[in-house]
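Asker: The hints should help you fit chain L onto chain G, whose structure is shown.
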Amino acid sequence: RRVHGGAVVGVCYDQGVLLAADTVGSFGSLAKLKHVSRVHKINDMVAVGFSGDLADGDCLLNELQNMVIDDSVLDDGTELSPRAVFCWLTRVLHHRRNKLDPFYNQFIVAGFDKKANKPFMGCVNLLGYSWEESIIATGMGLHFALPYMRSQQEAKSGVPFTFEEAQTVLTKSMACLYARDCRGWPQYQVVKVDGAGVVKSDVQYSRVAFKESADYIEGRNS
Amino acid sequence: FLMSKSRFNPYEGNGGTTAGVAGDDFVVMASDTRLCEESTYVVSSRNYPHLYDLGNSSVLAAAGFNGDVIQLIKLLYIHGRRYLYQFNKEMSITARASLLERVLYQHRGFPLYVGNLLGGMDEEGRGALFSYDPVGSYERISYIADGSAAAIVLPFLHNQVGLRNMADAGAAPRLTKERTVQILKDIFVSAAEWDIHCGDSLLIKMITKEGVAEETMALRTD
Numbered sequence: 001r002r003v004h005g006g007a008v009v010g011v012c013y014d015q016g017v018l019l020a021a022d023t024v025g026s027f028g029s030l031a032k033l034k035h036v037s038r039v040h041k042i043n044d045m046v047a048v049g050f051s052g053d054l055a056d057g058d059c060l061l062n063e064l065q066n067m068v069i070d071d072s073v074l075d076d077g078t079e080l081s082p083r084a085v086f087c088w089l090t091r092v093l094h095h096r097r098n099k100l101d102p103f104y105n106q107f108i109v110a111g112f113d114k115k116a117n118k119p120f121m122g123c124v125n126l127l128g129y130s131w132e133e134s135i136i137a138t139g140m141g142l143h144f145a146l147p148y149m150r151s152q153q154e155a156k157s158g159v160p161f162t163f164e165e166a167q168t169v170l171t172k173s174m175a176c177l178y179a180r181d182c183r184g185w186p187q188y189q190v191v192k193v194d195g196a197g198v199v200k201s202d203v204q205y206s207r208v209a210f211k212e213s214a215d216y217i218e219g220r221n222s
Numbered sequence: 001f002l003m004s005k006s007r008f009n010p011y012e013g014n015g016g017t018t019a020g021v022a023g024d025d026f027v028v029m030a031s032d033t034r035l036c037e038e039s040t041y042v043v044s045s046r047n048y049p050h051l052y053d054l055g056n057s058s059v060l061a062a063a064g065f066n067g068d069v070i071q072l073i074k075l076l077y078i079h080g081r082r083y084l085y086q087f088n089k090e091m092s093i094t095a096r097a098s099l100l101e102r103v104l105y106q107h108r109g110f111p112l113y114v115g116n117l118l119g120g121m122d123e124e125g126r127g128a129l130f131s132y133d134p135v136g137s138y139e140r141i142s143y144i145a146d147g148s149a150a151a152i153v154l155p156f157l158h159n160q161v162g163l164r165n166m167a168d169a170g171a172a173p174r175l176t177k178e179r180t181v182q183i184l185k186d187i188f189v190s191a192a193e194w195d196i197h198c199g200d201s202l203l204i205k206m207i208t209k210e211g212v213a214e215e216t217m218a219l220r221t222d
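First to last, the sequence lines map onto chains G and L. Under this note's numbering, the residues of the first sequence are numbered 1 to 222, in order. Under this note's numbering, the residues of the second sequence are numbered 1 to 222, in order.
So that you can see chain G by itself, here it is in the shape it has in the complex (with noise of 0.2 Å):
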């Protein structure tokens, strides 16, 4: 047992990206560590969440920080971009599968692709599998988050989100991940990646009302 994260979940607006992540560390059933963020912001164009181990977790985000110290040590005004941190992910995480003894993870790359003009988000795992797409859930959120958002953007029929809307869909979907995985966290964090810039929030609840729950079991009422 290590302590590990829980899902992360993204969804692309038509100017951006909203990547979210609950800030607990669990250590198998126990939730060990209450407030760990998941999401990072990389540089002015990139953010990243990530699930699974959080020592490998930490330690390829402590790399990309200190690519980035040095793409501002260089002071060139160039940055790394997000098809950059995404396909430097996929090759270290390959390669270490390679070697058989992989970074635990899941990584979504999310960022604005200032040369396109368009949001970009992929998703790679432990086994260097990775792919684009405009929304991607890890771990819970397969089962939880993403049909949901699925079925939300098959009724637009090709039209993106708009912001309102990506967030309305992210919080029902923060949501349903603390009431229904029993290692779910109410507490989260949201990344906003878009042409202006990143943006984290400060940690945010999710809202349910559990019913059934007994009158005198307190920190179950938020």
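Hints listed in this document are in silico derivations from the structure and should not be mistaken for laboratory results. Heads up, the beta-carbon is just placed ideally off N, CA and C, and yes, glycines get one too. Careful: at least some of the hints might be erroneous.
Partial chain G-side listing against chain L, Cβ under 7 Å, derived [unchecked claim]: (1) His94; (2) Arg97; (3) Leu127; (4) Gly128; (5) Tyr129; (6) Trp131; (7) Glu133; (8) Leu142.
Counterexamples of contact, computed for chain L against chain G with all Cβ distances above 10 Å [unchecked claim]: (9) Arg82; (10) Arg102; (11) Glu124; (12) Arg179; (13) Glu215; (14) Met217.
Answerer: Below, chain L without anything else, positioned relative to chain G:
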């Protein structure tokens, strides 16, 4: 109990069905666009074609384990550019075919789990199609199917393209590009019905001496 502990499995099937037909002056390559995790029955992307342009009107159809597909494509791309810069011309299809065999066999000890079909125009202007196993064994062939629904597509191609196993097939009409595209469309509709990993949409690339033309068609999404 300890002896039954599961080891990390570096491979995974990621769906995808591919087919190719070579005619007198054309090659038609087809693949579905579904990317899925076969073991967990999750569809990762509905818009992930398994056909890759390698340059000089050659197209690789590659399905199997997505992490290895990506590695293979990047290797072939790098080899192709190196050849172009060294010899100031694009690789011929027979050179590419031979190169692919070498690249696959170099991974004989830890195979690239990819089923490859390579199509292009040969130097006499005839359609060339090569089919590979995961460790590089290859032959030039006039039609073939690979991937998860190969067992559905290939017998149909034997019957309609190869005119095999029929008592009164009669004289074979010259196979045209249009007839080939129609045959492939028909069989992929059936493949999407009967194979859970095949579906979403069909991408067809038609290679002639003029270049590569594309066509898409919707398939079942369930």
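Asker: For every hint, state whether the structure bears it out.
Answerer: Hint-by-hint comparison with the structure:
Hint status for His94(G): holds, given a least beta-carbon distance of 5 Å to chain L, under 7 Å. At its closest, the beta carbon of Arg97(G) sits 5 Å from a beta carbon of chain L; the interface hint therefore holds under the 7 Å criterion. Given hint, Leu127(G) at the interface with chain L, holds; its Cβ is 5 Å from that chain's nearest Cβ, closer than 7 Å. At a threshold of 7 Å, the smallest CB-CB gap from Gly128(G) to chain L is about 3 Å, leaving the interface hint in force.
Below 7 Å, beta-carbon pairs count as interface contacts, and Tyr129(G) has one with chain L at about 5 Å; its hint therefore holds. Hint on Trp131(G) holds. Least Cβ distance to chain L is approximately 5 Å, under the 7 Å limit. Below 7 Å, beta-carbon pairs count as interface contacts, and Glu133(G) has one with chain L at about 5 Å; its hint therefore holds. Taken as an interface hint, Leu142(G) checks out: its beta carbon lies about 5 Å from the nearest beta carbon of chain L, inside 7 Å.
The Cβ of Arg82(L) lies farther than 10 Å from every Cβ of chain G, with a closest approach of about 19 Å, so its non-interface assignment holds. For Arg102(L), the requirement that its beta carbon stay farther than 10 Å from each beta carbon of chain G is met, with the minimum near 19 Å. Glu124(L), annotated as away from the interface, keeps every beta carbon of chain G farther than 10 Å; the closest lies near 38 Å. For Arg179(L), the requirement that its beta carbon stay farther than 10 Å from each beta carbon of chain G is met, with the minimum near 32 Å.
For Glu215(L), the shortest C-beta to C-beta distance to chain G comes to about 19 Å, beyond the 10 Å cut-off, and the non-interface label holds. Non-interface status of Met217(L) relative to chain G is upheld: no Cβ of that chain comes within 10 Å, the nearest being about 17 Å off.
Hint compliance for this structure: no hint is broken.
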